[in-house]
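Enquirer: The listed protein sequences derive, respectively, from chains A and B. What the first sequence shows, in our numbering, is residues 28 to 371, in sequence order. What the second sequence shows, in our numbering, is residues 336 to 950, in sequence order.
Ranges between beta-carbon positions, derived for each pair:
| hint | chain 1 | residue 1 | chain 2 | residue 2 | range |
| --- | --- | --- | --- | --- | --- |
| 1 | B | S614 | A | N366 | 18 to 28 Å |
| 2 | A | G364 | B | G593 | 18 to 28 Å |
| 3 | B | D411 | A | N366 | 16 to 26 Å |
| 4 | B | S614 | A | T163 | 33 to 43 Å |
Please keep in mind that the hints were generated in silico from the structure rather than gathered at the bench. Even for Gly, the Cβ is constructed at its ideal location relative to N, Cα and C.
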Amino acid sequence: MSNNIDSTTGKLTAKDFVSGQDVRWCPGCGDYSILAQVQRTLPELGIPKENIIWISGIGCSSRFPYYMGTYGFHSIHGRAAAIASGVKIARTDLSVWVATGDGDMMSIGGNHFIHMCRKNVDLKVLLFNNRIYGLTKGQYSPTSDVGIISKSTPYGSIDYPFNPLSLALGAGATFVSRSADNDPKHMQEIIRKAADHKGTAFVEILQNCVIFNDGAFDYVTGKDNKIEKMLYLKHQQPMTFGKDNSKGIKLDGFKPVVIDLNDGVHSVNDCWIHDELDKDAARSFILAHMTDHPELPMPFGVIRRELKPTYDEAVEAQIDAITQKRGKGDLQKILLGSNTWEVS
Amino acid sequence: MAQEKEKEVLQLTEVTVRFAGDSGDGMQLTGSQFGDTTALFGNDLNTFPDYPAEIRAPAGTLYGVSGFQLHFSSSDVHTPGDSPDVLVAMNPAAVKKNLHDLKRNGIIIVNTDSFDAKNLKLANYTANPLEDGSLSNFKVYPVPITSLTTAALKDSPLSPKDVARCKNFFALGLMYWLFNMQLDQTLNWITKKFKKKPEIMAANEAALKAGYYFGDTTEIFENRYWVEPAKLPKGTYRNISGNEAAALGFIAASQKSGLPLFLGSYPITPATEILHYLSEYKYIGVKTFQAEDEIAGICSSIGASFAGNLAITSTSGPGLALKTEAIGLAVMTELPLVIIDVQRGGPSTGLPTKPEQADLLQSIYGRNGEAPIPVIAAASPADCFYMAMEACRIAVKYMTPVMLLSDGYIGQGSEPWRVPMVDELPEIKVNFRTEKEGFAPYLRDENLSRPWVKLGTPGLEHRIGGLEKQHISGNVSHDPDNHDFMIKLRAQKVKKVEDDIPLLEIRGDEESELLVVGWGGTYGAITEAVDRLRKNGTKVAQTHFKYLFPMPKNTKDILSRYKTILVPEINLGQLALLIRDQFLIPVEQLNLVRGLPLKSSDIENKILELLGGKK
Chain A
28 MSNNIDSTTG KLTAKDFVSG QDVRWCPGCG DYSILAQVQR TLPELGIPKE
78 NIIWISGIGC SSRFPYYMGT YGFHSIHGRA AAIASGVKIA RTDLSVWVAT
128 GDGDMMSIGG NHFIHMCRKN VDLKVLLFNN RIYGLTKGQY SPTSDVGIIS
178 KSTPYGSIDY PFNPLSLALG AGATFVSRSA DNDPKHMQEI IRKAADHKGT
228 AFVEILQNCV IFNDGAFDYV TGKDNKIEKM LYLKHQQPMT FGKDNSKGIK
278 LDGFKPVVID LNDGVHSVND CWIHDELDKD AARSFILAHM TDHPELPMPF
328 GVIRRELKPT YDEAVEAQID AITQKRGKGD LQKILLGSNT WEVS
Chain B
336 MAQEKEKEVL QLTEVTVRFA GDSGDGMQLT GSQFGDTTAL FGNDLNTFPD
386 YPAEIRAPAG TLYGVSGFQL HFSSSDVHTP GDSPDVLVAM NPAAVKKNLH
436 DLKRNGIIIV NTDSFDAKNL KLANYTANPL EDGSLSNFKV YPVPITSLTT
486 AALKDSPLSP KDVARCKNFF ALGLMYWLFN MQLDQTLNWI TKKFKKKPEI
536 MAANEAALKA GYYFGDTTEI FENRYWVEPA KLPKGTYRNI SGNEAAALGF
586 IAASQKSGLP LFLGSYPITP ATEILHYLSE YKYIGVKTFQ AEDEIAGICS
636 SIGASFAGNL AITSTSGPGL ALKTEAIGLA VMTELPLVII DVQRGGPSTG
686 LPTKPEQADL LQSIYGRNGE APIPVIAAAS PADCFYMAME ACRIAVKYMT
736 PVMLLSDGYI GQGSEPWRVP MVDELPEIKV NFRTEKEGFA PYLRDENLSR
786 PWVKLGTPGL EHRIGGLEKQ HISGNVSHDP DNHDFMIKLR AQKVKKVEDD
836 IPLLEIRGDE ESELLVVGWG GTYGAITEAV DRLRKNGTKV AQTHFKYLFP
886 MPKNTKDILS RYKTILVPEI NLGQLALLIR DQFLIPVEQL NLVRGLPLKS
936 SDIENKILEL LGGKK
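Extracted from the complex, chain A is given alone in its bound form:
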């Protein structure tokens, strides 16, 4: 592929990633924080700005590309993963990002989501999970809790929600992570890690919708709860949380349990050591499903990482291999095929 692009000279700043269009999310929306963290992080990646592409579907989150000073595509509902896959396969030299929401990617775009993960297309995917449909003014979404009262569930939702991390793991995603809109530093760290990963990098960001589902994550990320309810995962470190890291997670068979590190019985040596690169996916699922147990904290950070060739790389590698074997295709020979006859 001929693509003679000079690297941008001079250091980029967050300002370079601002498009100049008026940002039209509701005041107080969690999306502002995500936009700010992305604009702060991208300049650090050393990627020329013109090689960064943002693709989105439909929904509040999908307005994201309009506000980025990069190439961007605000597409149709649910299809961002498919369009981004086409961009990346056509042009492996580009850094392709997807901004999406729980309605866009977990519902109408569910099929594209699982197949993107399965194929390990080298895309960075930020899922703005606010557990509600915002742009259509407040219907429950596939990540909403059972019982939620919304415009389309006036008597409470009877749908069981998806667990986005578990879904991504089940579909074979090679980078599965979670962050929150009210933790800018952590989000920046996860965005950087996602950018560094080769393959589908999935980031679930708990994002507050101030209008239709305000405070949906307060039980975890709220000021009064976060110390006890947020478990920050660190690669090859024991899982500890709580005030002064006084609590830990111990893996009891398949069961994660909270242990008190000051009880004289347990110590940090009893804690589960997080391994992003765990060969056994079962433990990654246990982490993803800690949210099933209200007594456990919710894990944040990189749940799982796996190193394997990406789909787009493999496409090019196969073309190279077959071209080497058969020689570069000649149009005239291809048109002639193998069975011709002459009429004179």
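Place chain B on chain A using the hints.
Expert: Showing chain B alone in chain A's frame:
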């Protein structure tokens, strides 16, 4: 092979043969081998595979019958033939299903081994038609094909079941003998195909030769036949199906434009071969993406187009329905894209393996909002090559999705094609915008096209999307006047394509009272009907649409010249509706929606009826 020719050889100008048997009997292979051999010999030909949607329907049943018809001749051939002269029937169901199409006095070669009580019952025969005189209008040649094949392969290490599977090659060998043809082409094919399976190679060769020698030694055939080579224009020829021709046309367009080729597709009958062929040609740099569904097929192509590739998506009717919303996105974002629809019988799943001119209106109108796109259609298998290139040319020049219509008949049928030299093919000009000065994403050039920017071009970073665009700036705009303006601008851009396409031409008697108007894959049948009538002294003219939207500029002028316009279509009158709507010209219709190509005789009869027997 040069045996003494004791039997008289009768010369014929054209022959239509149909091979029919169980869908596991290898009839498609037998037919296409026979076709390749006639083509190599120099006959003009046209083929039509007609097979069930089930891959291996229960053996012996009527719905499991698979057929392959071909028409070869010493002069121009435009159709696979209305009625076979020869039917090769591998079982009773094949006789039952095909008999009504056969010419009176036509030849039937039957595999008598399969005419047992069970197969007769499966074919709903209460008595054996070989014995009860019901085939007395035909020349029936009973041949125990299975047992003769088994006897010829008695030394083969293959299992009895595998030996019996070679019977199609026996039948093919016998047909080669009957039509005085050489075995070489098929022998070469067998050698290549079964290189890694020497037992199967040997068995198929032996069966083919046994069939040929059987013809020579048996007393049952009185004659052999011979069809002279056709007088085709000078050149190098190959046999080609429409789907392969389309794939090659896309590759040629990619080479002639310098754009990398990307196909995003989901398997669907009868379009899938386009994906197969393009996947084969990775070594010329083609990228194919078998997506998770039809929608991802087109959306990945839109992504590739955004990135600066020549992007194609291939599908058939139901798949086109799924791609609808994404086509609208490509209209709004004004990205070049070719959608090839190999049409099949509808509605819904309809008739997956049968041709129908099902989607003309879907192609032109089947989107939300005012979403005009150029719609063009190929007229024959080889024409798919040129129309594929043409679709690409229009797409990149006008920055628009283009619909290319083919159908199951021309997509899977084949004909000889004079292979063009690469230098003869037109270049396709592409200008990627790199100039920063004065750039806006929705600027317009003289064709009203907006600039195409290859992703990665520094300084031209911009955003596009499905929301209405402000003129020039491309920013999101909900302004009422701007929307009205942009709706009209997009329509005007597509309309402008009419300045850039060939005018309609008249074939036949310009001064006739009646003009037959067709589009797409019915070209062959209409041409054959018109030529036959004219040969017999009837004055009639024909014109054929390959550009359906916009139509050629002289359309109204041409149509206004004739007292009677006849529009034969394999639908309920979709082109007829367009003509009435756009030109207020009354038209007569012939609509047969049988999941089969139109027969030239049906068109001929309709013309005669409209002319009231006048010549």
